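Protein chains in written order, with this note's numbering: chain S, 1 to 341; chain A, 1 to 341.
The set of hints was computed from the structure by calculation and includes no laboratory data.
Note that this is a predicted model, so its numbers are computed, not measured.
Heads up, a few of these hints could be off.
Note that the list lumps identical chains together, so a pair holds whenever it fits in one copy or between two copies.
To be verified - Simulated crosslink set (DSSO-like; lysine-lysine; CA at most 27 Å straight-line):
| id | residue 1 | residue 2 |
| --- | --- | --- |
| 1 | Lys270 | Lys139 |
| 2 | Lys84 | Lys270 |
| 3 | Lys139 | Lys281 |
| 4 | Lys270 | Lys281 |
| 5 | Lys270 | Lys121 |
| 6 | Lys84 | Lys121 |
| 7 | Lys84 | Lys139 |
Protein chains: 2
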Amino acid sequence: MITIALDVMSGDLGAGECIPAALLSLRANPQLQLQLVGDESTIRAALAQQVGRDSSLSQRIAVIHASEIITMDDSPREAIRRKKQSSMRLAIDQVHAGSAQAAVSAGNTGALTAIAHFVLKCLPEVERAPIMSAVPNVKGMTHVLDLGANVRATALQLEQFAIMGAIVARDVHGIARPRVGLLNIGEEEQKGNDLVQEAHARLLAWREGARRETFDYYGFVEGHDIFGGEVDVVVTDGFTGNVALKTMEGLAGLISSRLRQEFTADLPSKLAALMARPVLKRVSQSLDPRRYNGAVMVGLRQVVVKSHGGADRVAMSEAIRIASTAVSSQLVRHVESAFRS
Amino acid sequence: MITIALDVMSGDLGAGECIPAALLSLRANPQLQLQLVGDESTIRAALAQQVGRDSSLSQRIAVIHASEIITMDDSPREAIRRKKQSSMRLAIDQVHAGSAQAAVSAGNTGALTAIAHFVLKCLPEVERAPIMSAVPNVKGMTHVLDLGANVRATALQLEQFAIMGAIVARDVHGIARPRVGLLNIGEEEQKGNDLVQEAHARLLAWREGARRETFDYYGFVEGHDIFGGEVDVVVTDGFTGNVALKTMEGLAGLISSRLRQEFTADLPSKLAALMARPVLKRVSQSLDPRRYNGAVMVGLRQVVVKSHGGADRVAMSEAIRIASTAVSSQLVRHVESAFRS
Numbered sequence: 001m002i003t004i005a006l007d008v009m010s011g012d013l014g015a016g017e018c019i020p021a022a023l024l025s026l027r028a029n030p031q032l033q034l035q036l037v038g039d040e041s042t043i044r045a046a047l048a049q050q051v052g053r054d055s056s057l058s059q060r061i062a063v064i065h066a067s068e069i070i071t072m073d074d075s076p077r078e079a080i081r082r083k084k085q086s087s088m089r090l091a092i093d094q095v096h097a098g099s100a101q102a103a104v105s106a107g108n109t110g111a112l113t114a115i116a117h118f119v120l121k122c123l124p125e126v127e128r129a130p131i132m133s134a135v136p137n138v139k140g141m142t143h144v145l146d147l148g149a150n151v152r153a154t155a156l157q158l159e160q161f162a163i164m165g166a167i168v169a170r171d172v173h174g175i176a177r178p179r180v181g182l183l184n185i186g187e188e189e190q191k192g193n194d195l196v197q198e199a200h201a202r203l204l205a206w207r208e209g210a211r212r213e214t215f216d217y218y219g220f221v222e223g224h225d226i227f228g229g230e231v232d233v234v235v236t237d238g239f240t241g242n243v244a245l246k247t248m249e250g251l252a253g254l255i256s257s258r259l260r261q262e263f264t265a266d267l268p269s270k271l272a273a274l275m276a277r278p279v280l281k282r283v284s285q286s287l288d289p290r291r292y293n294g295a296v297m298v299g300l301r302q303v304v305v306k307s308h309g310g311a312d313r314v315a316m317s318e319a320i321r322i323a324s325t326a327v328s329s330q331l332v333r334h335v336e337s338a339f340r341s
Numbered sequence: 001m002i003t004i005a006l007d008v009m010s011g012d013l014g015a016g017e018c019i020p021a022a023l024l025s026l027r028a029n030p031q032l033q034l035q036l037v038g039d040e041s042t043i044r045a046a047l048a049q050q051v052g053r054d055s056s057l058s059q060r061i062a063v064i065h066a067s068e069i070i071t072m073d074d075s076p077r078e079a080i081r082r083k084k085q086s087s088m089r090l091a092i093d094q095v096h097a098g099s100a101q102a103a104v105s106a107g108n109t110g111a112l113t114a115i116a117h118f119v120l121k122c123l124p125e126v127e128r129a130p131i132m133s134a135v136p137n138v139k140g141m142t143h144v145l146d147l148g149a150n151v152r153a154t155a156l157q158l159e160q161f162a163i164m165g166a167i168v169a170r171d172v173h174g175i176a177r178p179r180v181g182l183l184n185i186g187e188e189e190q191k192g193n194d195l196v197q198e199a200h201a202r203l204l205a206w207r208e209g210a211r212r213e214t215f216d217y218y219g220f221v222e223g224h225d226i227f228g229g230e231v232d233v234v235v236t237d238g239f240t241g242n243v244a245l246k247t248m249e250g251l252a253g254l255i256s257s258r259l260r261q262e263f264t265a266d267l268p269s270k271l272a273a274l275m276a277r278p279v280l281k282r283v284s285q286s287l288d289p290r291r292y293n294g295a296v297m298v299g300l301r302q303v304v305v306k307s308h309g310g311a312d313r314v315a316m317s318e319a320i321r322i323a324s325t326a327v328s329s330q331l332v333r334h335v336e337s338a339f340r341s
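For reference, chain S alone in the conformation it holds in the complex (with noise of 0.2 Å):
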């Protein structure tokens, strides 16, 4: 059996989706068990109405009460020192205390980077933990770290993101041996400032060294490379991977408004449009960013999943799913024997 801890009174939604995300997860996986940790009297209620008398459910469901939660606006010191009864707080608490093997969260993404460090800690030799999270590549699916748990990297971290990425591939996501690009504003060798350049120097090294069977370092990529296909994963420092992924979604947000528009501009186009019907979902549900919810915060000893803040009950479901494969492919004693060897 595998437990996680939901923070269910988290994201934009709060226990309206994440409570039947937790069902649907239960009921896709027989060996889970879920901790809901938010306000009891909403949950138990939710449950009341949702499970009833599914006993086969039930059994696998804890509820613990949060009295707090954590809102957007709180900064990530406030809420490690104020709230300490928060839903997040709690999740993750009952990591620390070993009653769960991961906590998931849709909130605060400071606020859980903060308390994630501050309460479970790096693993030895893991300066930063960074998110990781997929987005669809013309093949399949690319990784990015760090999507923003750090606002600046130092090169050595980086390197890090690259080893602790390309273990992620391999193990949650199953890729073999994952091919890891660096990403800057050029390909060539002389581009991009300080930073990749010595993240550069130290990831070549390590290529050459004895770990090489991990991954496979491609070298330099750009920002249209995420959607290629030729790496698996990609790395960057928080800032830039926070910019990009919310640059793509806001994209992505204004071509699909664009459509709809123009699909209903005329008694023409909305004609086109029912014809038309079937071959766009097929597109929008290839690109679906519900499918690939779920960040995961490597170099923690312990998984914590970050879902997206809007996620809905299917996203979520996902971001529990990613969580429990992480649990059960061991990622967390891999990262550690990766740095310790």
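Chain S is already provided as a structure; the job is to place chain A on it using the hints.
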């Protein structure tokens, strides 16, 4: 009359698109003269074929022979030191000598930035010249800088980018009082790294100061806000800006390729494609990057415009139009006086 020096050997498509672009521009603007800089025999042959005896065009064309080309592999340093007879260098030399008022090139961004800084120099008080271009948003266009002229930035430089970006938005794109946002990884006051925090403090002070009429400082924005239409100008360092731009290009390419793939998947899809074609064409035209081509390198003593490397004749002629508007609106004089006062 406005005279522009055009590096016709530049870009992925070279003289084959640059010369038709020149002719499109000359036909569209009778007040324009062009210096075509590149391999003389190539240019003369193309002109003989495409212009013929049309003296209204040929009178406004000068040909300047360049024996070298700067490639994408040339480092900025090599480009400055060793390629003094390149089409890019000679185009900028024309501007420096005063025989042209602006230079346009689709070549190597790093080399163009380096040569433009080296030959033309920044205006007094301006530390670095960023490059700025437009991307579509839900309402119209957002102007983003720096898109990669500089691989790092200081807080003072980000403040200067904001001021210069606002002046370009006003002078070249006709926005009376631009709203300017600073790109960050959260909109909350405490978010981000030291660089953006310090730049934010400077811009808040600026907003309270005497020259606040130039633009309206909006505060922090995130990657998705580039497309939201709430701000006219988005300011960031050249590394982040370049990654964001290329991420957009990559995602737009992925979405286009998925649409093409699904609309040709089977017979019903192909029929739907026939019906949907006019609608999809309107969407792709409204987002067509060629309409947004032409990145102004602002802060120099003269006007330099960078075209996208993959620009075709339509896109390249838009870059020439941007350069000519920058000259006619006296952009450089306005930037100079903003920093002098």
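Here's how the hints hold up against the structure:
1. Lys270 - Lys139: For Lys270 and Lys139, only the inter-copy Cα distance (22 Å) is at most 27 Å; the intra-copy one is 32 Å.
2. Lys84 - Lys270: Close neither inside one copy (53 Å) nor across copies (58 Å); limit 27 Å.
3. Lys139 - Lys281: both (18 Å within a copy, 25 Å between copies)
4. Lys270 - Lys281: both (15 Å within a copy, 15 Å between copies)
5. Lys270 - Lys121: neither (55 Å within a copy, 55 Å between copies)
6. Lys84 - Lys121: Intra 17 Å, inter 56 Å, cutoff 27 Å: intra-copy only.
7. Lys84 - Lys139: Neither, since 44 Å and 44 Å both go past 27 Å.
The structure shown violates the earlier hints numbered 2, 5 and 7.
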